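2 protein chains.
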Amino acid sequence: MGFPSSPAMSRALDLARVAAAMGEVPVGAVVTDPSGQVVAEAHNRTRADRDPTAHAELLAIRRATAALGTERLAGLTLWVTLEPCAMCAGAIALARLSRLVYAAPDPKAGAVVNGPRLFGLATCHHRPEVVEGLGAAEASQILKDFFARLRRGDGR
Amino acid sequence: MGFPSSPAMSRALDLARVAAAMGEVPVGAVVTDPSGQVVAEAHNRTRADRDPTAHAELLAIRRATAALGTERLAGLTLWVTLEPCAMCAGAIALARLSRLVYAAPDPKAGAVVNGPRLFGLATCHHRPEVVEGLGAAEASQILKDFFARLRRGDGR
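Which chain is which? The protein sequence lines are A and B, in order.
The numbering of the first sequence is the numbering used here, which starts it at 1 and goes up by one.
The numbering of the second sequence is the numbering used here, which starts it at 157 and goes up by one.
Everything labelled a hint here was simulated from the structure, so no lab data went into it.
Just so you know, these numbers come straight off a predicted model, no measurement behind them.
Worth double-checking, as some hints may not be accurate.
Cβ pair distances, simulated, as ranges [as the list claims (entries may be wrong)]:
no.	chain 1	residue 1	chain 2	residue 2	range
1	A	Lys108	B	Thr226	39 to 49 Å
2	B	Ala204	A	Arg152	23 to 33 Å
3	A	Arg63	B	Gly192	35 to 45 Å
4	A	Ala137	B	Ala177	44 to 54 Å
5	A	Ala122	B	Leu306	19 to 29 Å
6	B	Gly276	A	Arg50	36 to 46 Å
7	A	Thr70	B	Gly192	38 to 48 Å
8	B	Ala278	A	Phe147	26 to 36 Å
9	A	Lys108	B	Ser254	15 to 25 Å
10	B	Arg255	A	Gly153	47 to 57 Å
11	A	Arg99	B	Arg206	15 to 25 Å
12	A	Asp145	B	Ala177	44 to 54 Å
13	B	Ala177	A	Gln141	49 to 59 Å
14	A	Arg149	B	Lys300	48 to 58 Å
Heads up, the beta-carbon is just placed ideally off N, CA and C, and yes, glycines get one too.
Produce the entire structure from the sequences given, and follow the hints as far as they go.
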């Protein structure tokens, strides 16, 4: 797709696969510092944690701020396998993340290029640099396989 | 203002005052079950927790799901002293809360009647009943006092 390979997105895709194996909607997220080091990572855990806010992005942000002991993640990049929803896009802005790299767009619930297009609104006070498409084919296939398995009834 | 008094909103306002005393932006939230019993409550803790996602609403939702052992809060009401931001409005929809009662509107960062007006979008898959204005004067005064004190430099 013209994108260079990326260890951070590869890791996010692996985390999505781990989520799928647990019966969670397969989305993975990684936060890296300016040198490319992984600061935090997470996958969806809404079912395991019985927590509707336990999306990969929100957990990765909370883990990154805990790891760094800071409320703001300026200079850092969030890599995620699916376009963030409104909750997660809002959290990305609140955390002041410098960059968002996501794989597949989410026409159903996305809030970056779909739905509210949150970062373009006057009520959004921080706009990260956004890169879409890195790893998109792979991320979409993981989601497709997961939901096909669910429909067949052999999901967990 | 024509609203009946409400123990839940009174409690949310008290929680906002507790937040202010801690140097946190004064917003309080309470979740009640259909009988009016308080299931969970929280105030802003972004500074104390060094967590940009630690808004009153998000914490109250997480505490309510933990208290009830369920991922969804159907039938429950969230009472909050300020119009929720995009992150929190998104979380309210994901949690399937039946009702949102908030005090003051937030033209700067609100996402219910301001900004994205999130619950009206096709990418939002649950629309709670929304009541605005209960306790608004008191909630606004608490916020105004807090920011005036901050500007004077005697905030903590």
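Checked against the structure, which of the hints given earlier come out wrong? Per hint list: 1, 2, 6, 8, 10 violated.
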